[in-house]
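Protein chains: 8
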Amino acid sequence: MNESYIKDVLSKVKNGTMDDSEAFELLKELPYKDMGFANVDHHRMIRTGFPEVIYCEGKTCEQIRDIFVELVSRQEETKCGLMGTRATEKDYECVVKALPQAIYHKAARIIEVPYAKAEAKTLGSVAVVSAGTADIPVAEEAAVTAQVLGNQVSRIYDVGVAGIHRLFDKLDQIRQSDVVIVVAGMEGALASVVGGLVDAPVIAVPTSVGYGANFGGLSALLSMLNSCANGVSIVNIDNGFGAAYTASVINSKR
Amino acid sequence: MNESYIKDVLSKVKNGTMDDSEAFELLKELPYKDMGFANVDHHRMIRTGFPEVIYCEGKTCEQIRDIFVELVSRQEETKCGLMGTRATEKDYECVVKALPQAIYHKAARIIEVPYAKAEAKTLGSVAVVSAGTADIPVAEEAAVTAQVLGNQVSRIYDVGVAGIHRLFDKLDQIRQSDVVIVVAGMEGALASVVGGLVDAPVIAVPTSVGYGANFGGLSALLSMLNSCANGVSIVNIDNGFGAAYTASVINSKR
Amino acid sequence: MNESYIKDVLSKVKNGTMDDSEAFELLKELPYKDMGFANVDHHRMIRTGFPEVIYCEGKTCEQIRDIFVELVSRQEETKCGLMGTRATEKDYECVVKALPQAIYHKAARIIEVPYAKAEAKTLGSVAVVSAGTADIPVAEEAAVTAQVLGNQVSRIYDVGVAGIHRLFDKLDQIRQSDVVIVVAGMEGALASVVGGLVDAPVIAVPTSVGYGANFGGLSALLSMLNSCANGVSIVNIDNGFGAAYTASVINSKR
Amino acid sequence: MNESYIKDVLSKVKNGTMDDSEAFELLKELPYKDMGFANVDHHRMIRTGFPEVIYCEGKTCEQIRDIFVELVSRQEETKCGLMGTRATEKDYECVVKALPQAIYHKAARIIEVPYAKAEAKTLGSVAVVSAGTADIPVAEEAAVTAQVLGNQVSRIYDVGVAGIHRLFDKLDQIRQSDVVIVVAGMEGALASVVGGLVDAPVIAVPTSVGYGANFGGLSALLSMLNSCANGVSIVNIDNGFGAAYTASVINSKR
Amino acid sequence: MNESYIKDVLSKVKNGTMDDSEAFELLKELPYKDMGFANVDHHRMIRTGFPEVIYCEGKTCEQIRDIFVELVSRQEETKCGLMGTRATEKDYECVVKALPQAIYHKAARIIEVPYAKAEAKTLGSVAVVSAGTADIPVAEEAAVTAQVLGNQVSRIYDVGVAGIHRLFDKLDQIRQSDVVIVVAGMEGALASVVGGLVDAPVIAVPTSVGYGANFGGLSALLSMLNSCANGVSIVNIDNGFGAAYTASVINSKR
Amino acid sequence: MNESYIKDVLSKVKNGTMDDSEAFELLKELPYKDMGFANVDHHRMIRTGFPEVIYCEGKTCEQIRDIFVELVSRQEETKCGLMGTRATEKDYECVVKALPQAIYHKAARIIEVPYAKAEAKTLGSVAVVSAGTADIPVAEEAAVTAQVLGNQVSRIYDVGVAGIHRLFDKLDQIRQSDVVIVVAGMEGALASVVGGLVDAPVIAVPTSVGYGANFGGLSALLSMLNSCANGVSIVNIDNGFGAAYTASVINSKR
Amino acid sequence: MNESYIKDVLSKVKNGTMDDSEAFELLKELPYKDMGFANVDHHRMIRTGFPEVIYCEGKTCEQIRDIFVELVSRQEETKCGLMGTRATEKDYECVVKALPQAIYHKAARIIEVPYAKAEAKTLGSVAVVSAGTADIPVAEEAAVTAQVLGNQVSRIYDVGVAGIHRLFDKLDQIRQSDVVIVVAGMEGALASVVGGLVDAPVIAVPTSVGYGANFGGLSALLSMLNSCANGVSIVNIDNGFGAAYTASVINSKR
Amino acid sequence: MNESYIKDVLSKVKNGTMDDSEAFELLKELPYKDMGFANVDHHRMIRTGFPEVIYCEGKTCEQIRDIFVELVSRQEETKCGLMGTRATEKDYECVVKALPQAIYHKAARIIEVPYAKAEAKTLGSVAVVSAGTADIPVAEEAAVTAQVLGNQVSRIYDVGVAGIHRLFDKLDQIRQSDVVIVVAGMEGALASVVGGLVDAPVIAVPTSVGYGANFGGLSALLSMLNSCANGVSIVNIDNGFGAAYTASVINSKR
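From first to last, the protein sequence lines are chains A, B, C, D, E, F, G and H.
Just so you know, the working numbering puts 237 at position 56 of the first sequence, and the rest follows in order with no gaps.
Just so you know, the working numbering puts 364 at position 183 of the second sequence, and the rest follows in order with no gaps.
Just so you know, the working numbering puts 292 at position 111 of the third sequence, and the rest follows in order with no gaps.
Just so you know, the working numbering puts 218 at position 37 of the fourth sequence, and the rest follows in order with no gaps.
Just so you know, the working numbering puts 412 at position 231 of the fifth sequence, and the rest follows in order with no gaps.
Just so you know, the working numbering puts 433 at position 252 of the sixth sequence, and the rest follows in order with no gaps.
Just so you know, the working numbering puts 324 at position 143 of the seventh sequence, and the rest follows in order with no gaps.
Just so you know, the working numbering puts 191 at position 10 of the eighth sequence, and the rest follows in order with no gaps.
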């Protein structure tokens with residue numbers, strides 16, 4: 182289903198080939214599917230260009246499975262991989278019984294249902310740069326999300342500013358990407374340093390890695406919001422998914 | 182000055198047509214200009230694609246003027262407008278004596294030194310959407326910045342969610358832009374609503390507009406960081422400039 | 182027991198048909214029942230129109246059971262359902278042995294002891310509108326509370342602003358209610374959007390749903406307190422009960 | 182303008198007596214008036230039952246005057262007083278030249294343009310209860326707002342809990358009101374005490390009155406949000422207007 | 182050991198009956214006992230009038246036992262009960278083997294080693310007033326501490342302001358005490374109400390009871406710090422011990 | 182007016198020598214004086230033992246003067262000095278015209294109306310100990326308040342822990358006081374050090390003296406609330422008055 | 182590997198005895214070892230004078246072991262002990278199988294791999310002073326780190342300001358150290374007191390020891406940042422390691 | 182005056198050449214000078230190695246002048262420059278009349294009274310590195326303090342990480358210093374980057390430079406506290422003086 186479909190219905194009403202109560206039913210019903218516990222948003226592709234992503238935390242594995250099945254039924258329209266974030270292995274086991282093509286990315290905690298055909302959506306390139314080894318789960322959430330949504334991804338991990346020569350060594354690789362995602366906890370300085378060195382948009386992800394006056398990621402968050410480098414925008418603490426989604430939106434408009 | 186220039190120097194050293202102390206002097210000196218009170222960063226264009234922007238707050242008007250003059254001397258290399266943000270009218274009066282082509286954008290508090298030639302840089306389109314009339318200064322900072330850096334800008338102001346029909350009335354116009362900047366104070370809900378309705382990247386700017394439990398913009402900032410809509414990234418409170426700069430970086434890669 | 186009873190005692194003292202030490206004993210004793218671990222407040226109905234509600238967290242299941250039994254002994258005076266919030270299934274098992282008519286609402290974590298007679302209190306209508314599936318426990322606490330206290334309740338769930346067409350589809354239903362409760366976590370934008378669209382009082386309940394810069398519900402709380410829509414008032418984070426109680430007070434005065 | 186007007190236009194389109202481009206122009210134009218600097222929201226009455234209220238802070242006195250004039254031109258439709266909050270005497274002087282019927286409430290900082298006719302809207306009664314003399318400006322903002330919007334208002338000031346007998350002395354008067362607004366700074370305890378004593382809805386307004394660990398009203402805000410009394414909902418710090426508006430919405434549904 | 186002992190040593194040095202190296206050894210060694218893991222402070226009685234109290238959290242039960250034994254060895258000097266706070270039952274079992282006279286106060290989490298003789302220290306009276314049943318553990322920590330240190334204690338529990346008539350019913354009893362301790366969570370309003378009604382010093386203890394915007398007791402803490410009633414001072418969140426200790430210091434000077 | 186007066190009225194009603202409407206008028210009117218802008222609380226002396234103290238900030242100098250005059254009319258009943266805190270010199274000039282006996286304490290910002298007669302109330306002794314010279318205004322507010330309310334006051338200023346020998350030099354003087362008030366900003370360590378050295382109750386006043394991570398007195402406040410010394414209770418930031426009032430309450434019970 | 186090695190490679194390139202692709206490979210590879218999950222930073226010794234320290238939290242015990250093995254392979258270059266912080270006993274068991282010389286410091290949670298030879302690095306002396314017994318784990322982290330890195334360490338524990346004579350008794354010992362580390366939770370006053378008494382640099386470590394308004398160490402942190410004593414600098418909450426590392430850097434320059 | 186002086190007095194008492202009341206007067210009087218408004222701490226030199234520094238904010242210019250005069254009278258004992266921080270030009274004018282040798286450092290807001298003789302104290306070298314031009318006042322406070330106390334100072338300003346090549350260009354100069362002070366506002370990333378590149382102790386000074394989510398320097402403060410680089414310790418926001426004092430203490434022990 183897409184925008185032209187809706188326009189078609191409306192023009193049929195206008196020229197009299199469809200009466201308006203019939204049109205109403207079609208249009209009212211289509212944008213989302215009421216599943217009792219959730220309104221699955223098929224309309225999203227029309228509006229934003231990507232299928233709905235399932236946030237698994239707080240849902241039962243049966244609910245997750247059923248939403249996946251509902252989304253797969255229209256995957257052809259999006260030609261895009263489907264995914265669920267913050268998923269446990271138990272969630273995956275439940276989903277894979279119904280959808281054997283499902284894949285579990287453990288470090289990223291993501292369930293993917295790939296769109297395997299030749300005409301799968303392809304976007305641009307994304308570099309995921311992270312500061313320390315403890316930031317890897319968030320970095321992986323970003324990297325896997327970017328892959329599922331159709332980007333080519335480079336992973337540049339453990340290049341925090343305490344040993345800045347490691348970053349410079351990888352700078353050429355980073356500079357070849359269309360969008361750069363920087364994942365860092367503690368003082369989050371990496372975002373500013375990278376932001377000052379590249380000409381691509383930088384999306385910074387503060388992580389809750391650290392202790393004491395880190396206050397659950399607040400230090401990295403404030404640090405990134407106050408970055409002295411330009412071209413840096415921020416997403417929520419630990420929100421690797423959100424950064425990769427935004428990167429995909431940028432690349433999809435290219 | 183640009184990347185090829187540096188490569189040229191290095192290759193001359195390699196093939197022996199320039200000795201290395203000469204090369205050192207050229208390269209060491211070029212990236213920035215030490216003005217005593219500031220190191221003007223000509224290297225920035227090479228790294229990030231845009232000339233340095235002057236943050237005027239906390240600088241004397243003479244310092245601002247001198248930095249502008251230094252930047253103008255190399256404006257030909259960037260083919261891009263120059264600008265100073267958070268500038269007062271007094272700052273402008275000081276600058277315009279030295280650079281008569283300078284323009285003052287009062288609501289945005291920006292001094293612009295345009296690059297008027299035909300080959301001026303042109304990027305994509307940016308919509309600046311704001312919630313209330315009190316958000317206009319920040320929105321204007323974004324809009325003028327985007328214009329100076331080479332974008333076409335639509336201004337859609339005073340369409341906050343308390344009267345959401347005003348937003349829907351302008352939705353087509355917003356959807357035609359390559360990047361959307363949403364400027365909102367108070368509860369900042371506009372960012373989520375717009376983020377759910379468009380397929381372009383949304384850059385959200387929380388403003389300090391409000392009182393009481395607004396805590397200087399914290400309410401809008403937290404609201405935007407926790408947006409339930411995807412594709413939304415955030416910049417600092419009241420940082421209209423930063424949002425527009427990021428939008429320009431996105432558009433420059435298009 | 183009610184207000185006229187107290188007035189009756191006082192007038193008997195005045196006209197000499199009751200001596201004042203007797204009156205003192207009656208009046209002193211009645212307003213609450215000292216149960217050792219708690220002072221059960223029978224006076225509450227006189228003052229506020231509703232029986233005391235038991236906050237179960239931090240009480241033993243025996244204490245909960247005994248308070249229920251005490252309250253049931255005077256349920257005839259209030260003609261209203263009784264309830265305990267934040268109750269576990271274990272609490273319920275303890276209560277239902279003493280009061281077989283008790284019902285457990287699992288999602289809402291509420292034990293209800295209904296007042297089943299024909300003359301049960303009836304108030305107005307309440308719409309409970311929630312943003313996401315993870316907000317449902319709080320929404321259910323509100324919905325069940327409103328029902329127990331005598332309101333007709335419509336549940337409109339999972340209509341968050343990321344897919345705002347789902348909200349518009351349900352708008353007529355929402356507009357038919359006397360009071361609207363909006364339950365939302367993350368950025369809490371739904372409260373402002375609904376507040377701008379209805380002419381009934383809106384009671385907003387921020388939830389602790391979210392992560393990172395959500396800070397345990399602070400983002401939604403500040404967002405709702407700063408709502409640009411008028412007619413919106415707020416209760417504590419996750420306090421679905423409080424919102425429904427307030428709605429009931431509003432409806433009881435109608 | 183009202184809901185029936187819109188329905189009338191739509192039915193004319195349906196039966197062919199109005200062509201759809203004409204209807205579009207009528208409907209598109211009507212809901213708000215684009216004044217360049219603001220979109221005046223005539224649609225608000227249809228949606229929420231009250232005319233738009235002007236938040237004067239951050240607007241020039243000419244802008245305030247022009248919005249008042251625009252709103253007065255349709256005051257007949259609402260039969261309700263108009264008002265601007267957070268207004269200075271200078272703002273008033275500007276408005277009263279254009280609208281001689283305008284009144285300035287100094288303590289409340291409100292400009293009122295009354296609707297003087299016999300059929301003026303009348304709602305219910307509102308008690309405004311405040312803790313200390315320093316809370317009076319916020320209390321007056323609430324009281325005047327409630328009056329302008331059509332309520333009968335009792336003012337019960339300086340009855341804070343440090344001398345609680347003053348409150349008990351006024352309790353009968355408070356209990357006779359349909360809605361009770363409690364305005365208190367410092368520790369805000371008055372809201373809980375009143376909430377435990379009345380059967381009407383209580384709207385609590387924390388004020389920024391106090392010093393030190395008051396943190397700009399945070400102490401009273403948190404205190405009220407955590408009230409142990411039921412039936413209490415809260416608005417933003419110092420938001421006397423918001424409380425009275427909510428009270429009016431409650432009373433208008435009566 | 183007491184002040185006169187020290188003075189005696191010094192005067193012996195002065196008149197030559199003790200040489201100064203001997204005096205040094207006596208004085209240096211006496212004030213505290215180095216137990217390896219802790220320096221037990223026997224000097225405290227001289228300085229502050231009470232024996233050291235053991236804060237058990239974070240100590241092993243053997244360490245707790247050994248400190249108790251050390252303190253008991255000089256209990257005769259203080260003629261005062263000894264106690265350990267935040268103690269578990271396991272800690273108690275360890276202590277009681279070495280000191281069979283030890284008592285465990287479960288709700289208060291206090292181990293007491295009473296001083297049973299006739300000449301035991303007696304101070305004044307303390308009323309412990311608490312708001313809700315969930316505040317009882319903190320209230321009990323205060324009540325038991327006050328008893329152990331020699332005060333007569335009245336417990337007035339569950340008299341929070343939501344049903345303020347319960348408080349007034351107990352007012353005479355409260356007013357007969359030399360010091361009043363008020364223990365309250367949530368909005369902590371009880372401290373201000375009591376503070377306005379009595380002429381004794383009021384020590385307020387905020388508790389972490391509540392949820393949401395309670396923020397671990399912050400709401401009650403700020404509320405009490407900003408009390409509009411005079412004569413109220415505050416101790417740390419959940420610090421029932423500290424309040425009772427302060428009350429004892431006040432009563433010991435009487 | 183005092184407690185026996187009220188009892189007298191009540192017994193007259195009982196034995197028929199006063200009819201109850203007359204008694205009602207006497208009792209209703211007496212406890213406070215409604216001055217339009219304020220309810221002056223004559224009842225306070227009965228309840229708390231001290232006359233009402235005027236908080237001058239936010240009141241006009243005429244209001245302050247009128248309240249003083251009202252309080253002086255009954256000063257004979259309290260035999261205690263009257264005072265207004267946070268008063269400006271302008272306030273004083275206004276008061277002294279009506280009450281020539283008024284005194285202005287500039288550093289403390291207090292207006293005093295002394296009770297000069299022989300039978301003036303006398304309480305115990307209070308030591309006011311402060312850390313730095315910048316803390317003196319708050320220390321003076323405490324010292325003057327304690328004097329006005331009838332205490333003997335020792336001032337021990339500028340003895341902060343950075344030069345702790347200054348404190349030890351004054352320790353004997355401090356130890357001779359019935360109550361010790363410690364006034365300190367910055368890290369507020371003085372409260373813990375003094376608390377560990379004396380056997381009198383210590384009332385700690387955090388001040389807003391400092392900068393940066395002082396956050397308006399928060400550092401000293403948290404420091405004092407977490408004091409490792411026992412017997413320390415706290416009042417609000419900069420609340421020298423509150424500390425001295427509490428000290429007076431303690432001393433009045435002696 | 183050290184600075185002279187790099188200079189040697191560069192001079193070989195200059196005089197033609199090494200071609201530049203060979204030099205590139207040597208230099209690029211050397212500074213760090215890419216282990217897949219981590220980039221081990223051998224370059225650190227050149228830059229900062231100490232080998233990399235392993236932060237074990239969030240790493241698997243196999244990763245920890247492999248990094249230790251890698252670092253040991255070049256331990257000869259640093260002549261310094263190696264260490265991993267925040268290590269569990271399980272981590273140690275894994276490491277000791279590969280490196281039998283490894284030692285586990287339980288209270289400090291540190292794994293040490295000593296450099297046992299005669300020419301081991303020796304620096305200066307460090308005193309670790311702590312306030313209470315609950316601060317010992319952090320104090321031990323500091324003490325063991327200082328030892329491993331080559332310092333002589335004195336431990337002065339349980340000398341908090343509530344019994345300040347214990348501190349004075351140890352003052353001579355503290356004053357003999359080159360650097361003083363002060364570890365304190367609760368109100369952290371010990372840092373200011375020590376800072377005012379010694380002439381060595383003081384490094385303050387706030388701990389999260391405490392409860393209530395301690396807010397996870399915030400009280401001690403703010404207290405120490407606002408210390409009225411000069412010569413005090415601060416590290417993160419509970420960061421005993423960081424304090425000792427900084428002390429070692431200071432001593433290594435001596 | 183120095184330590185040997187005190188020992189001399191004590192030995193005279195011991196051998197009977199001075200009687201103890203005379204000794205008492207000498208010793209009691211010497212450590213500080215009671216000036217009424219301040220206790221000038223001559224004892225400080227003995228304890229900490231430097232004369233007292235005057236914090237001018239909140240003192241009158243006469244008080245500042247008198248303290249300077251008092252300190253100059255014993256300057257010979259310290260052989261060190263004297264200084265007052267946070268001084269205004271008006272303060273200076275007052276001081277220079279009494280002490281013509283006084284110098285005013287405008288950017289640093291410091292009054293210096295130099296010790297001009299040949300034997301003036303000399304310590305080591307200090308590099309003051311700052312991020313932006315707006316950080317210069319704090320950087321100058323650090324630089325001038327370090328000079329006055331006897332260090333050689335290099336200033337490396339405007340080398341923030343947004344243009345990190347400027348920092349690398351100055352790295353050799355920074356590395357030659359005994360102590361490095363890093364002054365940065367906004368995100369404060371410079372501290373971590375420098376900390377990873379040098380082997381000297383780094384003292385980080387967060388500044389309040391920035392806006393929005395900077396929260397008065399909180400972002401830089403948290404960033405620096407969470408630095409991933411080792412060897413970095415922190416002082417209070419904007420406390421350039423404190424950093425330089427600490428650097429001087431480190432260098433004085435060298």
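Honestly, the hints are just simulated from the structure, not real lab data.
Among the hints, erroneous ones may be present.
As the list claims (entries may be wrong) - Calculated pairs, DMTMM-like style, for lysine to aspartate or glutamate (alpha carbon to alpha carbon, straight line, at most 20 Å):
1. K302/E to D380/F
2. K260/A to E270/B
3. K302/A to E243/B
4. K434/F to D353/E
5. K434/C to D350/D
As the list claims (entries may be wrong) - A few chain C residues that don't get close to chain B, going by computed Cβ distances all over 10 Å:
6. Q256
7. E257
8. L280
9. P281
10. G313
11. S335
Each residue gets a CB set at the ideal place from its N, CA and C atoms; glycine is no exception.
Going down the list of hints, with the structure as the test:
no. : hint             : result
1   : K302/E to D380/F : holds, 15 Å
2   : K260/A to E270/B : violated, 54 Å
3   : K302/A to E243/B : violated, 54 Å
4   : K434/F to D353/E : holds, 17 Å
5   : K434/C to D350/D : violated, 24 Å
6   : Q256             : holds, 40 Å
7   : E257             : holds, 44 Å
8   : L280             : holds, 41 Å
9   : P281             : holds, 43 Å
10  : G313             : violated, 7 Å
11  : S335             : holds, 21 Å
Checked against the numbered hints listed earlier, the structure breaks hints 2, 3, 5 and 10; every other hint is satisfied.
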